[in-house]
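Number of protein chains: 2
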Amino acid sequence: MDMANEEKQFVTEITPQSEDFSRWYIDVIKKADLMDYSPVRGCIVFKPDGYEIWEHIQEELDRRFKETGHRNAYFPLFIPESFFQKEKEHVEGFNPELPWVTEAAGEKLEERLAIRPTSETMIGHMYEKWIQSYRDLPVLINQWANVVRWEKRTLPFLRTSEFLWQEGHTAHENEQEAREETMQMLEIYRDFVENYLAIPVIVGQKTPSEKFAGAVDTYSIEAMMKDGRAVQAGTSHYLGTNFAVAFNIQYLNRDNVQEYVHTTSWGVSTRLIGSLIMVHGDDRGLALPPKVAPKQVMIIPIGPPKTRDAVVGRADELFAQLKKAGIRVGMDDRADVRPGWKFNEYEMRGVPVRLEIGPRDMENGVCVLVSRISGEKKVVQQDNLVEEVQAMLEQVHNEMYERAKSFRDEHFYSVETLDEMKASIEEKRGFTLAGWCGSEACERHVKDETGATSRNIPFEPATKKSKCLVCGEEAEHTVVFARAY
Amino acid sequence: MDMANEEKQFVTEITPQSEDFSRWYIDVIKKADLMDYSPVRGCIVFKPDGYEIWEHIQEELDRRFKETGHRNAYFPLFIPESFFQKEKEHVEGFNPELPWVTEAAGEKLEERLAIRPTSETMIGHMYEKWIQSYRDLPVLINQWANVVRWEKRTLPFLRTSEFLWQEGHTAHENEQEAREETMQMLEIYRDFVENYLAIPVIVGQKTPSEKFAGAVDTYSIEAMMKDGRAVQAGTSHYLGTNFAVAFNIQYLNRDNVQEYVHTTSWGVSTRLIGSLIMVHGDDRGLALPPKVAPKQVMIIPIGPPKTRDAVVGRADELFAQLKKAGIRVGMDDRADVRPGWKFNEYEMRGVPVRLEIGPRDMENGVCVLVSRISGEKKVVQQDNLVEEVQAMLEQVHNEMYERAKSFRDEHFYSVETLDEMKASIEEKRGFTLAGWCGSEACERHVKDETGATSRNIPFEPATKKSKCLVCGEEAEHTVVFARAY
Numbered sequence: 000m001d002m003a004n005e006e007k008q009f010v011t012e013i014t015p016q017s018e019d020f021s022r023w024y025i026d027v028i029k030k031a032d033l034m035d036y037s038p039v040r041g042c043i044v045f046k047p048d049g050y051e052i053w054e055h056i057q058e059e060l061d062r063r064f065k066e067t068g069h070r071n072a073y074f075p076l077f078i079p080e081s082f083f084q085k086e087k088e089h090v091e092g093f094n095p096e097l098p099w100v101t102e103a104a105g106e107k108l109e110e111r112l113a114i115r116p117t118s119e120t121m122i123g124h125m126y127e128k129w130i131q132s133y134r135d136l137p138v139l140i141n142q143w144a145n146v147v148r149w150e151k152r153t154l155p156f157l158r159t160s161e162f163l164w165q166e167g168h169t170a171h172e173n174e175q176e177a178r179e180e181t182m183q184m185l186e187i188y189r190d191f192v193e194n195y196l197a198i199p200v201i202v203g204q205k206t207p208s209e210k211f212a213g214a215v216d217t218y219s220i221e222a223m224m225k226d227g228r229a230v231q232a233g234t235s236h237y238l239g240t241n242f243a244v245a246f247n248i249q250y251l252n253r254d255n256v257q258e259y260v261h262t263t264s265w266g267v268s269t270r271l272i273g274s275l276i277m278v279h280g281d282d283r284g285l286a287l288p289p290k291v292a293p294k295q296v297m298i299i300p301i302g303p304p305k306t307r308d309a310v311v312g313r314a315d316e317l318f319a320q321l322k323k324a325g326i327r328v329g330m331d332d333r334a335d336v337r338p339g340w341k342f343n344e345y346e347m348r349g350v351p352v353r354l355e356i357g358p359r360d361m362e363n364g365v366c367v368l369v370s371r372i373s374g375e376k377k378v379v380q381q382d383n384l385v386e387e388v389q390a391m392l393e394q395v396h397n398e399m400y401e402r403a404k405s406f407r408d409e410h411f412y413s414v415e416t417l418d419e420m421k422a423s424i425e426e427k428r429g430f431t432l433a434g435w436c437g438s439e440a441c442e443r444h445v446k447d448e449t450g451a452t453s454r455n456i457p458f459e460p461a462t463k464k465s466k467c468l469v470c471g472e473e474a475e476h477t478v479v480f481a482r483a484y
Numbered sequence: 000m001d002m003a004n005e006e007k008q009f010v011t012e013i014t015p016q017s018e019d020f021s022r023w024y025i026d027v028i029k030k031a032d033l034m035d036y037s038p039v040r041g042c043i044v045f046k047p048d049g050y051e052i053w054e055h056i057q058e059e060l061d062r063r064f065k066e067t068g069h070r071n072a073y074f075p076l077f078i079p080e081s082f083f084q085k086e087k088e089h090v091e092g093f094n095p096e097l098p099w100v101t102e103a104a105g106e107k108l109e110e111r112l113a114i115r116p117t118s119e120t121m122i123g124h125m126y127e128k129w130i131q132s133y134r135d136l137p138v139l140i141n142q143w144a145n146v147v148r149w150e151k152r153t154l155p156f157l158r159t160s161e162f163l164w165q166e167g168h169t170a171h172e173n174e175q176e177a178r179e180e181t182m183q184m185l186e187i188y189r190d191f192v193e194n195y196l197a198i199p200v201i202v203g204q205k206t207p208s209e210k211f212a213g214a215v216d217t218y219s220i221e222a223m224m225k226d227g228r229a230v231q232a233g234t235s236h237y238l239g240t241n242f243a244v245a246f247n248i249q250y251l252n253r254d255n256v257q258e259y260v261h262t263t264s265w266g267v268s269t270r271l272i273g274s275l276i277m278v279h280g281d282d283r284g285l286a287l288p289p290k291v292a293p294k295q296v297m298i299i300p301i302g303p304p305k306t307r308d309a310v311v312g313r314a315d316e317l318f319a320q321l322k323k324a325g326i327r328v329g330m331d332d333r334a335d336v337r338p339g340w341k342f343n344e345y346e347m348r349g350v351p352v353r354l355e356i357g358p359r360d361m362e363n364g365v366c367v368l369v370s371r372i373s374g375e376k377k378v379v380q381q382d383n384l385v386e387e388v389q390a391m392l393e394q395v396h397n398e399m400y401e402r403a404k405s406f407r408d409e410h411f412y413s414v415e416t417l418d419e420m421k422a423s424i425e426e427k428r429g430f431t432l433a434g435w436c437g438s439e440a441c442e443r444h445v446k447d448e449t450g451a452t453s454r455n456i457p458f459e460p461a462t463k464k465s466k467c468l469v470c471g472e473e474a475e476h477t478v479v480f481a482r483a484y
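If you read the sequences in order, they're chains A and B. In this text, residue positions in the first sequence follow numbering that gives the first Met the number 0: the first is 0, and each later residue adds one. In this text, residue positions in the second sequence follow numbering that gives the first Met the number 0: the first is 0, and each later residue adds one.
Please note that the accuracy of each hint is not assured.
The list treats identical chains as one, so a pair stands whether inside a single copy or across any two.
[Unchecked claim] Result set (PhoX-like, lysine-lysine): computed pairs, CA atoms no more than 25 Å apart in a straight line:
hint	residue 1	residue 2
1	K128	K29
2	K466	K376
3	K463	K376
4	K322	K65
5	K87	K290
6	K30	K128
7	K151	K107
8	K421	K463
9	K29	K65
10	K377	K29
11	K29	K341
12	K294	K29
13	K341	K151
Hints listed in this document are in silico derivations from the structure and should not be mistaken for laboratory results. Small disclaimer: the values here were computed from a predicted structure and weren't measured.
Start from the sequences, fold in the hints, and give me the full structure.
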């Protein structure tokens with residue numbers, strides 16, 4: 000589905016997921032006010048609630064990157080055309096998607112400048128200047144930035160021409176260290192996506208045809224959306240000496256010999272926003288993981304007009320108490336809107352916990368917490384509110400993770416032949432585990448026949464396959480296949 | 000000075016400020032490893048120590064913006080050419096500096112896309128869609144982003160083709176509210192720059208010829224560098240209904256009548272990094288304001304080899320203690336580098352406080368704190384270290400502010416005639432207060448004759464002038480003139 004077709008429609012009701020998942024997705028993100036279409040092809044506006052999810056993702060990842068010794072830096076948006084030519088696979092991979100600046104300040108440029116789709120080349124050029132000796136290593140740098148890939152088919156958050164991301168770029172003395180870094184960052188992504196966004200993922204290695212253009216090895220975490228499709232939620236690349244050779248990044252090693260550095264790169268992007276929506280959302284609307292939800296708790300005072308002022312007064316106190324404890328809390332005390340309407344509204348917006356308080360609750364020193372996921376209602380003491388809310392947020396996070404994991408497990412199939420895979424993909428959707436001989440031809444054949452691509456070679460496959468699903472030869476790898484965003 | 004000329008030079012010694020201030024600036028930022036030149040004209044790389052200053056600026060400003068009800072959002076990098084045509088002054092102001100994307104993904108674009116120099120037009124277009132009724136107002140949005148202005152003459156941090164900034168964009172029901180917002184944000188900038196970066200500023204209104212292209216009124220804070228030149232450190236604009244009319248941003252007011260919104264915009268950028276370097280640095284190197292310094296304290300163990308292990312062990316404990324208290328602390332315990340060399344190194348890098356500890360200090364349960372600014376050495380009890388360090392950081396901040404303020408006051412002149420101003424600007428450098436009749440011709444004449452531009456019309460001028468310094472007619476305003484970066 001292309002964004003341009005969606006722009007004009009005004010959302011009143013949310014299409015059920017079972018009826019049209021793509022329609023559901025667009026309905027939800029528009030109705031919940033996360034984004035809007037922009038007048039530039041394939042580019043969206045991140046509205047405050049959508050952007051705040053990204054801010055919470057950034058805060059936590061940034062903390063983890065720094066904890067592991069990385070520092071942030073910032074490199075230019077523009078990349079001279081000649082830089083792309085230096086790494087052959089890289090230029091072939093990215094050239095088809097580049098926008099070019101050809102004029103500036105009224106003059107034609109001598110050399111075209113690409114808008115960065117990723118920064119290996121620019122950073123490679125700089126590292127060549129910065130790195131002379133083993134004493135300069137490792138270089139552990141991350142960048143938060145916008146990047147552009149001129150995509151033909153776009154989808155808000157998941158595939159947009161401009162998107163926001165972080166890209167880590169490190170340089171090391173040898174392969175072992177660089178591979179350790181690659182794996183460390185992959186594990187940070189896995190842990191973050193599972194324990195912060197409540198999305199279970201499959202961790203593994205990309206097949207050669209799916210790896211990053213210019214990498215030796217690419218590793219990924221793959222998440223299953225509620226329509227059974229995959230999203231690559233994060234990647235970490237061991238680049239070997241490919242970019243070091245292309246940009247001549249050499250250093251004097253401990254034996255006084257010039258050597259190429261080994262580099263890595265790794266990134267996650269605003270795709271994560273699209274992923275968490277498609278993993279957790281339901282027919283009532285968004286369901287936001289508590290750790291990144293702009294509002295974690297929404298307070299809704301209830302009861303008849305005559306007790307309203309007293310109830311709202313008490314609700315104000317609860318609001319202040321939660322806010323002081325660092326909980327992101329909102330209150331909707333509008334008198335002219337029915338509580339039932341508000342309940343629906345904040346369910347649709349995905350607020351993890353609703354707090355209701357009425358006149359009788361007030362008298363009894365209690366209030367009611369309601370989970371967005373299970374719908375469970377819990378009467379809690381006001382005296383103990385902060386702890387109760389924190390516990391309920393934790394519970395909602397766990398409920399989301401467990402539901403997503405159950406869904407994924409239920410839609411995770413294991414097949415022996417291409418025919419089985421066709422049936423599985425067509426009828427049951429989801430991920431399919433199959434044996435693969437390692438030939439690009441067989442991999443392409445799967446794609447042509449089923450529309451599914453190899454997602455990765457999982458580190459811990461449920462079963463180990465012995466035969467290639469296409470040619471029947473001995474399987475070199477057990478691979479997860481799925482249709483993907 | 001153009002950046003291109005500077006690129007190849009390797010800095011060994013820092014040129015004294017009195018000998019060549021521009022040279023000093025470049026020497027310092029390169030030697031202290033804040034930035035590097037990039038292969039793209041006018042674009043720099045923000046290295047980790049340079050970028051971290053920006054991160055601390057961001058954290059605090061972002062906190063203040065949110066505290067005053069603003070939320071972040073993100074708008075596209077690309078702006079269709081037609082958008083610029085909609086506001087006449089705006090297009091005239093920015094057109095000469097725009098880079099254009101003309102091709103993407105192998106095809107010529109139907110309409111050229113500018114790289115945003117600022118986002119009033121894109122945001123105006125979106126606000127038109129978002130604002131229907133007074134219930135939608137005010138809209139209080141900020142964006143952290145990269146922007147591009149293809150500058151002819153560039154200088155790292157102070158004037159680069161691509162730079163990082165924040166741009167606030169708000170829409171209001173009426174002029175009064177919008178003007179209050181404009182002033183509120185100006186005051187946030189003043190307070191931040193004075194109390195966080197230790198830079199005293201002149202607060203005032205820009206003359207019409209110096210205002211933002213498309214604004215009704217522009218207000219600024221102006222800081223004096225150590226060579227007497229001015230830097231516009233932040234601006235806040237009341238845009239009236241100019242952009243509302245251009246983008247047809249109307250709302251149904253409380254009387255059920257369609258009306259144009261009144262908008263504001265306001266921004267600060269990575270220029271602030273250049274400013275704080277030029278305000279506080281000296282012939283020994285950088286001097287970083289404690290609140291934004293990447294390292295606030297550097298611990299240097301001293302003494303003979305035989306006590307080394309014990310001293311380093313104790314220094315490690317002090318390090319842990321300070322770190323736990325949230326102080327950004329570093330330690331240089333290299334055995335093969337002399338303490339005197341380290342003292343110079345961290346003075347050059349502008350670390351606000353040095354902590355020395357030797358074997359005798361250890362026995363006595365003390366250590367020594369040294370201020371980067373006054374050089375004062377203070378022997379403090381280890382038991383009370385966190386409080387002592389915090390107090391010394393506060394003291395260094397105050398010393399920096401007072402020094403900068405004294406310097407500015409000493410280089411702040413008051414003149415009656417153009418001849419006096421010429422002499423003042425040529426011989427004494429600094430800011431000059433003078434009367435101005437309000438005519439653009441007289442203002443231009445000052446610039447042509449002295450190279451000084453009107454910085455702003457200060458809200459609180461030291462004296463009020465009665466005659467225009469050029470034509471001798473009655474002064475409408477008392478204006479601060481200076482040569483500026």
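Taking the hints in turn, this is what the structure says about them:
1. K128 with K29: Result: close only across copies, 13 Å inter versus 46 Å intra.
2. K466 with K376: Close neither inside one copy (51 Å) nor across copies (75 Å); limit 25 Å.
3. K463 with K376: Cα proximity of K463 and K376: none, with 44 Å in one copy and 68 Å across.
4. K322 with K65: This pair counts as between: shortest inter-copy Cα distance 14 Å, intra-copy 27 Å.
5. K87 with K290: Cα proximity of K87 and K290: none, with 41 Å in one copy and 46 Å across.
6. K30 with K128: between (49 Å within a copy, 14 Å between copies)
7. K151 with K107: between (27 Å within a copy, 14 Å between copies)
8. K421 with K463: within (20 Å within a copy, 85 Å between copies)
9. K29 with K65: Answer is between; shortest inter-copy Cα gap is 24 Å, intra-copy 34 Å.
10. K377 with K29: Answer is neither: 31 Å inside a copy and 60 Å across each miss the 25 Å cutoff.
11. K29 with K341: within (18 Å within a copy, 57 Å between copies)
12. K294 with K29: within (17 Å within a copy, 44 Å between copies)
13. K341 with K151: neither (39 Å within a copy, 55 Å between copies)
Consistency with the previously given hints fails for numbers 2, 3, 5, 10 and 13, ordered from lowest to highest.
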